[in-house]
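2 protein chains.
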Amino acid sequence: MKIITVSREFGSGGRELGKRLADNLGFDYYDSEIITLLAKNKGMDENYVEKALTAGSLRGIPLHFGRSFSSGVAQQQSHTGLLIEQKRVIESIAAQGRDFVIVGRNADMILSEYCPFNIFVCADMESKLGRCQERSDEGEKYSKREMEKKIRAIDKSRAHTRELMGGPQWGSRTAYHLTVNTSGCSIKALTPAVAAYFCAWYEGRGI
Amino acid sequence: MKIITVSREFGSGGRELGKRLADNLGFDYYDSEIITLLAKNKGMDENYVEKALTAGSLRGIPLHFGRSFSSGVAQQQSHTGLLIEQKRVIESIAAQGRDFVIVGRNADMILSEYCPFNIFVCADMESKLGRCQERSDEGEKYSKREMEKKIRAIDKSRAHTRELMGGPQWGSRTAYHLTVNTSGCSIKALTPAVAAYFCAWYEGRGI
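Here the protein sequences come in this chain order: G and Y.
Read in order, the letters of the first sequence are residues 2 to 208 in the numbering used here.
Read in order, the letters of the second sequence are residues 2 to 208 in the numbering used here.
These aren't lab readings, by the way, just hints derived from the structure by calculation.
Among these hints, one or two may not hold up.
Copies of the same chain are indistinguishable here, so a pair counts whether it falls within one copy or spans any two.
Derived pair list, reagent style DMTMM-like, types lysine to aspartate or glutamate, alpha-carbon separation capped at 25 Å [unchecked claim]:
no.: 1; residue 1: K3; residue 2: D125
no.: 2; residue 1: K3; residue 2: D100
no.: 3; residue 1: K189; residue 2: E204
no.: 4; residue 1: K52; residue 2: D32
no.: 5; residue 1: K20; residue 2: E204
no.: 6; residue 1: K145; residue 2: E17
no.: 7; residue 1: K20; residue 2: D125
no.: 8; residue 1: K20; residue 2: E51
no.: 9; residue 1: K189; residue 2: E17
If we strip away everything but chain G, and leave its shape as in the complex, we get:
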């Protein structure tokens, strides 16, 4: 079984790269599919699960999503419980034995026993702002400054969750096999090259 994990800075195009890689290689693809599975297992609403997972690690960033959490402590417990359930879902996907690409969720750590190929995707702030503005909904307009703040907060939360799980530092170069900087470059154009790199790495391991 071959597994590719994609970790990424918010707005770097990591999700697009992961999806295109899966298409290119004929692998299964998991991203929001994990939330769907998790919500189903727990009998919870998908939107709720997604927001709870995000909010739980966004320290100091107020997020409102109903009255489900009555206190910070309860929120933290729910967040941890959801992280554990998410880990189980990811492990159950791997147990199926099919090749797949998975985006985010510290899957590189969770699946380390399977020796996945781990990619980190980054970009300079200008590129990330451009990408975020392109994909933002009409009803969700941020100023450049607000968007930059949002990007930094989400990346901080990702680093924080990783720290909570005891893994190597989020984004540090030796924690991944390949770190791809997408600044000023088409993800579509880069995809076959990353796929080729993965294949070369897979063949060249332990030589």
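Since the structure of chain G is already known, use the hints to place chain Y on it.
Just chain Y now, with coordinates in the frame of chain G:
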């Protein structure tokens, strides 16, 4: 003109990757060739120039190479002078207009106006120790601990020289287009994949 710069952690196999990339792509290759040109321009001994460049940035690491430097201040001045001359040599190579790969020497910063493709090569300490032991001379035996200390000192000196030149942080992910982790993998196997990535990047810029 196409330029690829290779920055690297000591022992990561960056030099081998650079040489193989140049062979693969049919590009010129520059590494110690720069020292030869620099020494020729200044009418100095090659070994002297190489050691002076290394020693000047190795703070706190005693290195002995003759009586040419009478004081720390003189040494620092000579080091800076040699860095400036090295910059001129690198600029003169680029001015020839031929495609080339260049290893080290902060060439990514020096040649930034040519928009080179910048690679950073890293590896975990175990892989670096293994590679250093493989290539060390019979007369140059270090214990594992001494070798690890040497690796850290050389990388520190590289980061220091970069800081002196005012560039983005040495080894930081967004300072390079691609960060390659060679841990446990054959450089020979990875080379065509990195070459393919460079070609895809070159075609995909600005799309």
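Under a CA distance limit of 25 Å, which applies to K52 and D32: within one copy, between copies, both, or neither? within (15 Å within a copy, 51 Å between copies)
With identical chains, the pair K20 and E51 could be close in the same copy or across copies; at 25 Å between alpha carbons, which is it: within, between, both, or neither? This pair counts as within: shortest intra-copy Cα distance 19 Å, inter-copy 47 Å.
How would you label the pair K3, D100 (within, between, both, or neither) given a Cα cut-off of 25 Å? within (5 Å within a copy, 36 Å between copies)
When no copy is named, should K145 and E17 be tagged within, between, both, or neither for a Cα gap of at most 25 Å? within (22 Å within a copy, 43 Å between copies)
If the cut is 25 Å between Cα atoms, do K3 and D125 qualify within a copy, between copies, both or neither? This pair counts as between: shortest inter-copy Cα distance 22 Å, intra-copy 30 Å.
Identical-chain pair category, K20 with E204, by Cα at 25 Å: Both. Shortest intra-copy (22 Å) and inter-copy (21 Å) distances satisfy the 25 Å Cα cut-off.
Alpha-carbon proximity context of K20 and D125, limit 25 Å: within (21 Å within a copy, 29 Å between copies)
Alpha-carbon proximity between K189 and E17, which holds within one copy, between copies, both or neither at 25 Å: within (8 Å within a copy, 29 Å between copies)
For the identical chains here, do K189 and E204 meet the 25 Å Cα criterion within one copy, between copies, both, or neither? Answer is both; intra-copy 24 Å and inter-copy 11 Å each pass.
When each numbered hint is compared with the structure, no violation occurs for any of them.
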